[in-house]
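Line by line, the protein sequences are chains A and B.
Here the first sequence is numbered in our numbering, starting from 1 and rising by one per residue.
Here the second sequence is numbered in our numbering, starting from 1 and rising by one per residue.
Any given hint might turn out to be false.
Since the list gives no way to pick out one identical chain from another, each pair is judged satisfied if it fits inside one copy or across any two copies.
What the hints assert, rightly or not - The calculated DMTMM-like cross-link candidates involving lysine to aspartate or glutamate, where the alpha carbons are at most 20 Å apart (straight line), are:
#1 K175 - E298
#2 K38 - E301
#3 K112 - D245
#4 K285 - E105
#5 K112 - D312
#6 K283 - E236
#7 K320 - D305
#8 K283 - D312
#9 K285 - D305
#10 K144 - D40
#11 K38 - D106
#12 K144 - E105
#13 K283 - E118
#14 K153 - E237
#15 K153 - D40
#16 K248 - D312
#17 K177 - E304
#18 K144 - E237
#19 K239 - E118
#20 K285 - E304
#21 K131 - E60
#22 K145 - D40
#23 K145 - E298
By construction, these hints were calculated from the structure, which means they are not laboratory data.
Nothing here was measured: the structure is a model prediction, and the numbers come from that model.
Protein chains: 2
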Amino acid sequence: MKLRQLSESELIAAIRKDFPGLKRSILVNIGDDASVLKTDKGFLIVTKDLLVEGTHFRREFGPAYLLGRKSLAVNLSDVAAMGGRPLYCLLGLGLPPSIPPSWVEDFMAGIKSLCRQEGIFLVGGDLSRSKIIIISITVIGQAKKFITRSGAKPGDTIWISGYPGLASAGLHFLKRKKGLAKNKKAKTGSINVLIKAFLDPVAQIRLGTWLAQRDLATAMIDTSDGLSIDLYHICEESKVGAEIDLTKIPIHPALRANFHDPWPFILNGGEDYQLLFTVSPSKRKRVVQASHRFRLYEIGEIREDRHLWVVDQGHRRLLKPAGFVHFKA
Amino acid sequence: MKLRQLSESELIAAIRKDFPGLKRSILVNIGDDASVLKTDKGFLIVTKDLLVEGTHFRREFGPAYLLGRKSLAVNLSDVAAMGGRPLYCLLGLGLPPSIPPSWVEDFMAGIKSLCRQEGIFLVGGDLSRSKIIIISITVIGQAKKFITRSGAKPGDTIWISGYPGLASAGLHFLKRKKGLAKNKKAKTGSINVLIKAFLDPVAQIRLGTWLAQRDLATAMIDTSDGLSIDLYHICEESKVGAEIDLTKIPIHPALRANFHDPWPFILNGGEDYQLLFTVSPSKRKRVVQASHRFRLYEIGEIREDRHLWVVDQGHRRLLKPAGFVHFKA
Numbered sequence: 001m002k003l004r005q006l007s008e009s010e011l012i013a014a015i016r017k018d019f020p021g022l023k024r025s026i027l028v029n030i031g032d033d034a035s036v037l038k039t040d041k042g043f044l045i046v047t048k049d050l051l052v053e054g055t056h057f058r059r060e061f062g063p064a065y066l067l068g069r070k071s072l073a074v075n076l077s078d079v080a081a082m083g084g085r086p087l088y089c090l091l092g093l094g095l096p097p098s099i100p101p102s103w104v105e106d107f108m109a110g111i112k113s114l115c116r117q118e119g120i121f122l123v124g125g126d127l128s129r130s131k132i133i134i135i136s137i138t139v140i141g142q143a144k145k146f147i148t149r150s151g152a153k154p155g156d157t158i159w160i161s162g163y164p165g166l167a168s169a170g171l172h173f174l175k176r177k178k179g180l181a182k183n184k185k186a187k188t189g190s191i192n193v194l195i196k197a198f199l200d201p202v203a204q205i206r207l208g209t210w211l212a213q214r215d216l217a218t219a220m221i222d223t224s225d226g227l228s229i230d231l232y233h234i235c236e237e238s239k240v241g242a243e244i245d246l247t248k249i250p251i252h253p254a255l256r257a258n259f260h261d262p263w264p265f266i267l268n269g270g271e272d273y274q275l276l277f278t279v280s281p282s283k284r285k286r287v288v289q290a291s292h293r294f295r296l297y298e299i300g301e302i303r304e305d306r307h308l309w310v311v312d313q314g315h316r317r318l319l320k321p322a323g324f325v326h327f328k329a
Numbered sequence: 001m002k003l004r005q006l007s008e009s010e011l012i013a014a015i016r017k018d019f020p021g022l023k024r025s026i027l028v029n030i031g032d033d034a035s036v037l038k039t040d041k042g043f044l045i046v047t048k049d050l051l052v053e054g055t056h057f058r059r060e061f062g063p064a065y066l067l068g069r070k071s072l073a074v075n076l077s078d079v080a081a082m083g084g085r086p087l088y089c090l091l092g093l094g095l096p097p098s099i100p101p102s103w104v105e106d107f108m109a110g111i112k113s114l115c116r117q118e119g120i121f122l123v124g125g126d127l128s129r130s131k132i133i134i135i136s137i138t139v140i141g142q143a144k145k146f147i148t149r150s151g152a153k154p155g156d157t158i159w160i161s162g163y164p165g166l167a168s169a170g171l172h173f174l175k176r177k178k179g180l181a182k183n184k185k186a187k188t189g190s191i192n193v194l195i196k197a198f199l200d201p202v203a204q205i206r207l208g209t210w211l212a213q214r215d216l217a218t219a220m221i222d223t224s225d226g227l228s229i230d231l232y233h234i235c236e237e238s239k240v241g242a243e244i245d246l247t248k249i250p251i252h253p254a255l256r257a258n259f260h261d262p263w264p265f266i267l268n269g270g271e272d273y274q275l276l277f278t279v280s281p282s283k284r285k286r287v288v289q290a291s292h293r294f295r296l297y298e299i300g301e302i303r304e305d306r307h308l309w310v311v312d313q314g315h316r317r318l319l320k321p322a323g324f325v326h327f328k329a
């Protein structure tokens, strides 16, 4: 039996079983966006993500500067998905000897720009040789209140920040070497919007902390794997089902302009790093009021039966959770 | 210009310049064994190390179980070198699809055994595909008092815990596929001592916290790179020099038995993960008293002139700091 026959979730389940969070100070363990540790004043939120050349990115996809920003952003997003405020990061970098120093400088400039933008401090790390580029970032944040994946209740409404599917559509064009060209054709502008969504995602830190501080969300996750699979994660952890209404999901003009059928990207495309969260009926009004400011879309409702449903113009069908989790090299 | 022309220390210096620790709560920044963050009650010690297949280990060197233990141990050692008590770890794992699940199970069993042994909790992490095995561990610890590399003063004595050079000598035999054989020859026993030092190093946590809590060390580092280069790190950060006396350095019988000249291993061999620290004259007596219990060896003295000296049977010469930092694939 090889690893390809053992899914990441099975492996996580096995690890989880072996490492129960016995200590009271560990509140959220393996399997959520980040770990939560109790401190004297509130909570420490810790997360780490590995970005591996050939698995998560190719060097030729974009400038090192944006790869630096993205490497940090995806970790900030994990903290945001818990409702935490990221404060510090540590960077582990594995680099082949053939990498030019200018690449490393550009990469670090990208890290630096996002650190400045979000008020994060790089406090340490590790450099080593490697045959392929490896980026391992740890982010430490804090929170007075935090949101897990496991609090959704039947009757809660389901919300998403921003447009789903842009990043995976951008990846689609990057793989085909379209976009970012100098001689722009008619569609290049809209393609570049998609590519930018993939190369330079924005962690929804302000929204995450806003929801957590006001106790507005019952469950939350970032859409790193794809809308359907991330919704499935919430449902699994909360032991509920969900129904989403396709007519309520916002479709970005750049998706409409470039794809006859944008739904595979919208439902299953990963790496958007938007926040997907659920809101109890009593809190719904406050979220509706803030929906314009934060660009929030109400797309469905949590249900008791443990299935994922989509409603499309009156027709109701089961939704198979699937995600193109990462770019497969 | 390629990365091979830009050393790790130059890169760290460049990163350090770009990311000054402006916030008061960051006390020790990039360049020490771990980062120190101020909390309401004491300090948070955070470290991360990347272990890359082909750079830090080869699969055939030893069982996955020991690789799991070592991956965690080297990070625990970084926290120990600051005088901190490690509490939590996060694991990032990049795995090729061809890795058998039994390998992953053995590796996790190794992590688990050391977690149990040292009272550490695995609180989170990340799994992804990769062409080579990548192990990225973050350890979070705490301390009421901590020890940096920068506090050594002229007149302080220099101490090391345990025997230097064993791990690199073990690696020497692993590369030549000697030792760990089933039909043991006369020397195999002593070779296996060396190999075990490389494959299963022990983080000196109790010694580190003992020294920190009693304010006994002025500067401290773990010998991950090698005695001479790690002493050089202390001297550079403390802006001092040092003189070590070769007759005071303990030589392990297994080194004597297998090498005509064990000094390259003793002075420059890395990966021992012993603690190297300096003690002010007023505290020396207490360390002497504890030297038997902790197996501590006084090997020299900090000097004002900024050079590294060795004294060997009355002769004094400059010591060139050099380390076989890691196994080069």
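Indicate which option fits the pair K239, E118 if close means a Cα-Cα distance not exceeding 20 Å: within, between, both or neither. neither (35 Å within a copy, 35 Å between copies)
At most 20 Å between alpha carbons: which applies to K320 and D305, within, between, both or neither? within (15 Å within a copy, 71 Å between copies)
Cα distance capped at 20 Å. Does K283 pair with E118 within a copy, between copies, both, or neither? Answer is neither: 28 Å inside a copy and 45 Å across each miss the 20 Å cutoff.
Given a CA cutoff of 20 Å, do K144 and D40 count as a within-copy pair, a between-copy pair, both, or neither? Answer is both; intra-copy 11 Å and inter-copy 14 Å each pass.
Between the shortest in-copy and the shortest cross-copy C-alpha distance, which are at most 20 Å for K112 and D245: within, between, both, or neither? For K112 and D245, neither the intra-copy (40 Å) nor the inter-copy (44 Å) Cα distance is at most 20 Å.
Checking K285 and D305: alpha-carbon separation at most 20 Å within a copy, between copies, both or neither? neither (25 Å within a copy, 71 Å between copies)
One pair to classify: K145 and D40, alpha carbons no more than 20 Å apart. Within, between, both, or neither? both (13 Å within a copy, 18 Å between copies)
Homomeric proximity label, K285 with E304: Cα distance no greater than 20 Å: This pair counts as neither: shortest intra-copy Cα distance 22 Å, inter-copy 70 Å.
Since the copies are identical, ignore which copy is meant and state whether K38 and E301 lie within 20 Å (CA to CA) inside a copy, between copies, both or neither. neither (32 Å within a copy, 43 Å between copies)
Same-copy or cross-copy closeness of K153 to D40 [CA-CA at most 20 Å]: The answer is neither: 30 Å in one copy and 36 Å across copies each exceed 20 Å.
Regarding K131 and E60, is the shortest C-alpha distance of 20 Å or less found within a copy, between copies, in both, or in neither? both (16 Å within a copy, 18 Å between copies)
Within, between, both or neither, where K144 and E237 count as close if Cα-Cα is 20 Å or less: neither (22 Å within a copy, 37 Å between copies)
Of the numbered hints given earlier, the model fails hints 1, 2, 3, 4, 5, 6, 8, 9, 11, 12, 13, 15, 17, 18, 19, 20, 23; all others are met.
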